[in-house]
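A.B. asks: As a plain string of letters, each chain reads:
2 protein chains.
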Amino acid sequence: MNEKLIFVTNDDSYASKGFAAAIEVARRFGRVIAIAPQTVQSGKSQAITLFDTLRLTKIKKEEGLTVYALNGTPVDCVKFAFDYLLKNEKIDLTISGINHGSNSAVNVLYSGTMGAAMESAFYGIPSVGLSNVNHANDADFTACIEYGIRVVESVINNPISRPLCLNVNVPDIPIEQIKGIKVCRQTRGYWREEFYERTDPYGGKYFWLTGAFDNQEPQAEDTDEWALNAGYVSVVPVQADITAYTQIDELSKIL
Amino acid sequence: MNEKLIFVTNDDSYASKGFAAAIEVARRFGRVIAIAPQTVQSGKSQAITLFDTLRLTKIKKEEGLTVYALNGTPVDCVKFAFDYLLKNEKIDLTISGINHGSNSAVNVLYSGTMGAAMESAFYGIPSVGLSNVNHANDADFTACIEYGIRVVESVINNPISRPLCLNVNVPDIPIEQIKGIKVCRQTRGYWREEFYERTDPYGGKYFWLTGAFDNQEPQAEDTDEWALNAGYVSVVPVQADITAYTQIDELSKIL
Numbered sequence: 111m112n113e114k115l116i117f118v119t120n121d122d123s124y125a126s127k128g129f130a131a132a133i134e135v136a137r138r139f140g141r142v143i144a145i146a147p148q149t150v151q152s153g154k155s156q157a158i159t160l161f162d163t164l165r166l167t168k169i170k171k172e173e174g175l176t177v178y179a180l181n182g183t184p185v186d187c188v189k190f191a192f193d194y195l196l197k198n199e200k201i202d203l204t205i206s207g208i209n210h211g212s213n214s215a216v217n218v219l220y221s222g223t224m225g226a227a228m229e230s231a232f233y234g235i236p237s238v239g240l241s242n243v244n245h246a247n248d249a250d251f252t253a254c255i256e257y258g259i260r261v262v263e264s265v266i267n268n269p270i271s272r273p274l275c276l277n278v279n280v281p282d283i284p285i286e287q288i289k290g291i292k293v294c295r296q297t298r299g300y301w302r303e304e305f306y307e308r309t310d311p312y313g314g315k316y317f318w319l320t321g322a323f324d325n326q327e328p329q330a331e332d333t334d335e336w337a338l339n340a341g342y343v344s345v346v347p348v349q350a351d352i353t354a355y356t357q358i359d360e361l362s363k364i365l
Numbered sequence: 111m112n113e114k115l116i117f118v119t120n121d122d123s124y125a126s127k128g129f130a131a132a133i134e135v136a137r138r139f140g141r142v143i144a145i146a147p148q149t150v151q152s153g154k155s156q157a158i159t160l161f162d163t164l165r166l167t168k169i170k171k172e173e174g175l176t177v178y179a180l181n182g183t184p185v186d187c188v189k190f191a192f193d194y195l196l197k198n199e200k201i202d203l204t205i206s207g208i209n210h211g212s213n214s215a216v217n218v219l220y221s222g223t224m225g226a227a228m229e230s231a232f233y234g235i236p237s238v239g240l241s242n243v244n245h246a247n248d249a250d251f252t253a254c255i256e257y258g259i260r261v262v263e264s265v266i267n268n269p270i271s272r273p274l275c276l277n278v279n280v281p282d283i284p285i286e287q288i289k290g291i292k293v294c295r296q297t298r299g300y301w302r303e304e305f306y307e308r309t310d311p312y313g314g315k316y317f318w319l320t321g322a323f324d325n326q327e328p329q330a331e332d333t334d335e336w337a338l339n340a341g342y343v344s345v346v347p348v349q350a351d352i353t354a355y356t357q358i359d360e361l362s363k364i365l
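As they're listed, the protein sequences go chains A and B.
Under the numbering used here, the residue at position 216 of the first sequence is numbered 326, and the numbers go up by one with no gaps.
Under the numbering used here, the residue at position 88 of the second sequence is numbered 198, and the numbers go up by one with no gaps.
Any given hint could turn out to be false.
A pair holds if it fits inside one copy or across any two, identical chains being indistinguishable in the list.
With a straight-line cut-off of 25 Å between C-alpha atoms, the simulated DSS-like cross-links for lysine-lysine are [what the hints assert, rightly or not]: (1) K171 x K200; (2) K170 x K127; (3) K315 x K197.
The set of hints was computed from the structure by calculation and includes no laboratory data.
With the hints as extra help, turn the sequences into a complete structure.
C.D. replies: What follows is the structure, given as structure tokens:
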């Protein structure tokens, strides 16, 4: 296999365990350049930084690996890599993650990890977003690394149509219980929030957003939520075009 | 027409001219409750606030209109409205905007205005995201208000399939030159960035992200970019499911 140039980013910051795991996956395939957010950027979706300045810090450099931190969002990291730092390099693939927590179902839209993966695909660079359903800081990434390598290997060695962006989630069960990989569609459902109300020491009221996922099709065996609950690694190909084509005709009649 | 309950939000903050314009549209249809971000949230996509507290400030209350500011993202505003403040009310429609600047093409994915509109549709509340291609603070919203009213009226009076989320953009030309409304699909293309490099007074290097849109199909007459350039108000129905269905079969063969 030829040595590749792999770009790595995430949303849990350069200091997270999952980021080190993503770099471990990437290094199997060649040279790695990584830019991750300086601070935790969970739930930042495809946000970009328009009205603040960006600063880059070199974290480490060793044979075949350079790691930077950028004080921006995951998408900022991708843009900074592709349009500035690596402008004259040919990047073969982006790995985003490994996220601490599931990015299945509609989480894909809130996720900074998947926001970065989607951004990479916009630039024509195939991307694999990897997520561990276990969101603990010290989660075990063994299965994620093994399945991450398998998916990346398949993407590199097969002529899959472009653009390509994969949302890969690994269930929180021992690796020997994982039944394999299942290509799925995004589960229909959404988060309902419960706002925790608190009072600060000065009498002011403030809130924390917390929620629970409402799966609107728990029986649908072609969805990522079903696959994860059944013990599979879920893989959902995602795209940038969010046009609801089925509504164009009916809207054209009334507008 | 029965009086409706309209929820209004945006991403340019409660103090923007476009927000006042959106409220003007909404008031034609009934009672209005508005929660907008405390500060500018352009480019915040569908981001949510997980690790910071949220605080609500009442800005004004008059007959048929209450306006609040929330120190969060546009999606936080929607969630706070639907799952807390208006939990026991039946909201008929969400208007998000009127955005200062275009949300055509791939902008729909970065836009906080459209992030909020999409979030509303997740909850089953139909939504209309309105954007003025002119992004100036003092832009003229006359045409946006007129066409906003037309679109909202159509949505309220017609049985359109659900979920429903419309991305409406109004070209930056005098209202009498606007040729009408065109239902379109999202233009393929993406932003290429140019990072402006500067030096702070202490010798540190920092960057500003700036970019230009690369339209990959300028001739396609069914796209929103084409419609806007041709003098139409563009309307793109958008959806939450970003699964790339056409890739499921080929991926299933190799994974």
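A.B. asks: Decide, hint by hint, whether the structure agrees.
C.D. replies: Cross-check of the supplied hints:
no.	hint	in the structure
1	K171 x K200	within (19 Å within a copy, 56 Å between copies)
2	K170 x K127	within (16 Å within a copy, 46 Å between copies)
3	K315 x K197	between (47 Å within a copy, 18 Å between copies)
Taken one by one, the earlier hints all hold for this structure without exception.
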